[in-house]
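K.L.:
If you want the building blocks of each chain, they are given just below.
2 protein chains.
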Amino acid sequence: MAEPEWESLEQCLEKHLPPADLREVKRLLYGKETRKLDLPGRAFESAAEGDFELQGYAFEAAEEQLRGPRTVRVGLVQNRIPLPADAPVAKQVRCFRPEIHTRAGPLWALDTPTAPCRPLGLGQQVSALHRRIESIVEVAAMCGVNIICFQEAWTMPFAFCTREKLPWTEFAESAEDGPTTSFCQKLAKKHNMVVVSPILERDGEHGDVLWNTAVVISNSGAVLGKTRKNHIPRVGDFNESTYYMEGNLGHPVFQTPFGRIAVNICYGRHHPLNWLLYSVNGADIIFNPSATIGALSESMWPIEARNAAIANHCFTCAINRVGKEYFPHEFTSGDGKKAHKDFGYFYGSSYVAAPDSSRTPGLSRTRDGLLVAELNLNLCRQVNDVWNFKMTGRYDMYARELAEAVKPNYRPHIVKE
Amino acid sequence: MAEPEWESLEQCLEKHLPPADLREVKRLLYGKETRKLDLPGRAFESAAEGDFELQGYAFEAAEEQLRGPRTVRVGLVQNRIPLPADAPVAKQVRCFRPEIHTRAGPLWALDTPTAPCRPLGLGQQVSALHRRIESIVEVAAMCGVNIICFQEAWTMPFAFCTREKLPWTEFAESAEDGPTTSFCQKLAKKHNMVVVSPILERDGEHGDVLWNTAVVISNSGAVLGKTRKNHIPRVGDFNESTYYMEGNLGHPVFQTPFGRIAVNICYGRHHPLNWLLYSVNGADIIFNPSATIGALSESMWPIEARNAAIANHCFTCAINRVGKEYFPHEFTSGDGKKAHKDFGYFYGSSYVAAPDSSRTPGLSRTRDGLLVAELNLNLCRQVNDVWNFKMTGRYDMYARELAEAVKPNYRPHIVKE
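Protein chains in written order, with our numbering: chain L, 1 to 417; chain F, 1001 to 1417.
Please keep in mind that the hints were generated in silico from the structure rather than gathered at the bench.
Be aware that one or more of the hints could be misleading.
Heads up, simulated BS3-like pairs for lysine-lysine below, C-alpha to C-alpha not over 25 Å straight-line [claimed, not checked]:
no.	chain 1	residue 1	chain 2	residue 2
1	L	LYS338	L	LYS324
2	L	LYS26	L	LYS15
3	L	LYS324	F	LYS1032
4	L	LYS15	F	LYS1026
5	L	LYS337	L	LYS324
6	F	LYS1015	F	LYS1026
7	F	LYS1190	F	LYS1165
8	L	LYS338	F	LYS1338
9	F	LYS1390	L	LYS407
10	L	LYS32	F	LYS1165
11	F	LYS1032	L	LYS337
12	F	LYS1032	F	LYS1390
13	F	LYS1324	F	LYS1338
14	L	LYS32	F	LYS1189
15	F	LYS1165	F	LYS1032
16	L	LYS15	F	LYS1341
17	L	LYS32	L	LYS15
18	L	LYS26	F	LYS1015
19	L	LYS324	L	LYS341
20	F	LYS1416	L	LYS390
21	F	LYS1390	L	LYS416
22	F	LYS1341	L	LYS190
23	F	LYS1165	F	LYS1036
24	L	LYS15	L	LYS36
25	F	LYS1186	F	LYS1165
26	F	LYS1324	L	LYS32
27	L	LYS26	F	LYS1324
28	F	LYS1324	F	LYS1341
29	F	LYS1026	F	LYS1036
30	L	LYS165	L	LYS341
31	L	LYS390	F	LYS1324
32	F	LYS1026	L	LYS324
Just the calculated beta-carbon pair ranges, DEER-fashion [claimed, not checked]:
no.	chain 1	residue 1	chain 2	residue 2	range
33	F	PRO1408	L	HIS329	20 to 30 Å
34	L	ASN248	F	GLU1033	37 to 47 Å
35	L	GLU63	F	ARG1067	12 to 22 Å
36	L	LYS190	F	GLU1063	19 to 29 Å
37	F	HIS1206	L	SER220	54 to 64 Å
38	F	ALA1062	L	PRO84	27 to 37 Å
Built from N, CA and C at the ideal position, the CB exists for glycine as well.
With the hints as extra help, turn the sequences into a complete structure.
P.N.:
See below:
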């Protein structure tokens, strides 16, 4: 695998291909060209100051006679964890004000250039991660983003590789009234923005169990609801089944003033039926907050969310974290190799895919970033009416065939000579 | 859309990218590199003589202790129709021997360089298309191909754009004992090769209706069975629903000595459930014989069959025809544009995708071609055991959810504030 300094496919192609060939390669790889969004200069300045990438694209749709354009701007946030994974939990999640903090011990050195420790007006508790995200959301607001989605389990290192319980389970919070949900509610209200906040959930009402959950917060600031990761990996370092089970909330779709959204968390993107059911329930946009690494999945990444956008006549937003996370104790990866302390590189490359099989370029493989995409949701029904995958889907047949197939005594339909 | 002389993505990247970048771009686009097959020189000579492209790649799998490698070579054939679409049907499908033919009229000029009219020892009836395919199959045999698949409705121009019935329905044949099936049986027996022959079927046992069907012929020469196109398009010039209905044969998988195969015909590739059910029934390899054009689908082409290989832990073989077909009478395309007589460019680009998310380069966008791929079928179960999509697929939940969703009074699960 390439080291992460290889920035992105797009940069490489743009550097080396003659313009006519570049146009043709992009058409083949990315479909109809997406228009670059004209984002405000101060947004780019803030992004540069905060050391994160900012890109913006627009997907257009044909004019209709009865419906005006249904335009929405989504923001996809990818970021590394600003503090080392073995920094104390409270400092990673919540950077107490010095006078509180010093009672507990020496002030943690918030010395990463991307996360200067300054009060940001969201109450006394602001974490290194909260602060980092807040600064990115500020830029998203400048860019007119209506719905923002953070990466999977954004409030913590992706520690499930370790199979250790403490301290990692301390990152879990209530979806309804945990500090991160409160933080996101303030952001939502301040910026009139729907916030999709994927966290490690502690379900106090049902035996204190953990879930991999996305909280959806309305632009009003109210918690609109939550949705849970429906498919849990047991692959490589993704030992998540050690921590939580398959989601039990089905395939809810959230009606927001900006469109109907759903959240297919991470490993669910490998399961076409998961995407389908969100779409059947009416999602115009399906977010796919993820955490995935190069050695395992990088060649799948451009395929799956994009296939889902095509197959379901909807927009999909694939989000992956960046950077390398080092853990305090060594662990093995079930691959015959020596014990080690890191998870490999999360390769970023977040992108948005459209129902007409076009897509944006990806964000960087290495840098924090914000991808702003303007979607005209009318495109979903327009493509639906052209391609008709729902109409021609024969779901009744598949419901029957699947119901048969899961029976213990099912005999596959195999024709022999 | 680019004119078809733009040969292929791969050629362009190889021409312009420095080696290190090319390697990285290929890793991102195509996954783990496929080894080039060492095919016999005389195969390349015959391909050059017959003016078609020949490429060969191998997908490898890890060694196991209890199973030896299960290696199979598949051949994918893409071709233009050798005669004009408005040539008499009998001459396109069956080029009678001159003494027979001249009773009916002057000998049709078989003057395309790729289809010289010479007797080939397969009986008195050999068509321009039969002859062309036979010459490609000869090369496939030199390359050790065990299973070969032709493009969708390979015995005819893709005339469904016209909505005319005659003469196009005259291309239909019995799947069990039509002349094309007989022809393929001889090929199969001669070369000890399984032949997948997608034709327009005339079902004489059930009211003479038409179907879009693939006939699977065992390497013994016996007809192993047939399978029908499960999803029928109503998009652009693909007016196929005017001619035939959705397949009624379910999702059969054919057990051959070389592996278990299934055939997902053309538009079925947009339907993830179609792929899934073939896989649930045990297919190691799913062929996707297609006919599709650039303006409509070229940016979907690299995504869908490949996603299916990933999602189902199997190999998929996407085959598309090449060239432009002109019809005698003008037709409209339901897109507000003027009537015209052609269907646009079929863009070829046939490829094989593997369960580990790797894939071969595509064949040319413009030339006839044979793609030979050596598959170690052990890779399917190996990837299945690593990624576990079947185990984590929750098909019981989806069977229930789909059964609910198709009810007329279904209310989507939408959460509102």
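K.L.:
Of the numbered hints stated previously, which ones are contradicted by the structure, given in increasing order?
P.N.:
Hints 7, 8, 10, 14, 15, 16, 22, 23, 25, 31, 33, 35 and 36 contradicted; others consistent.
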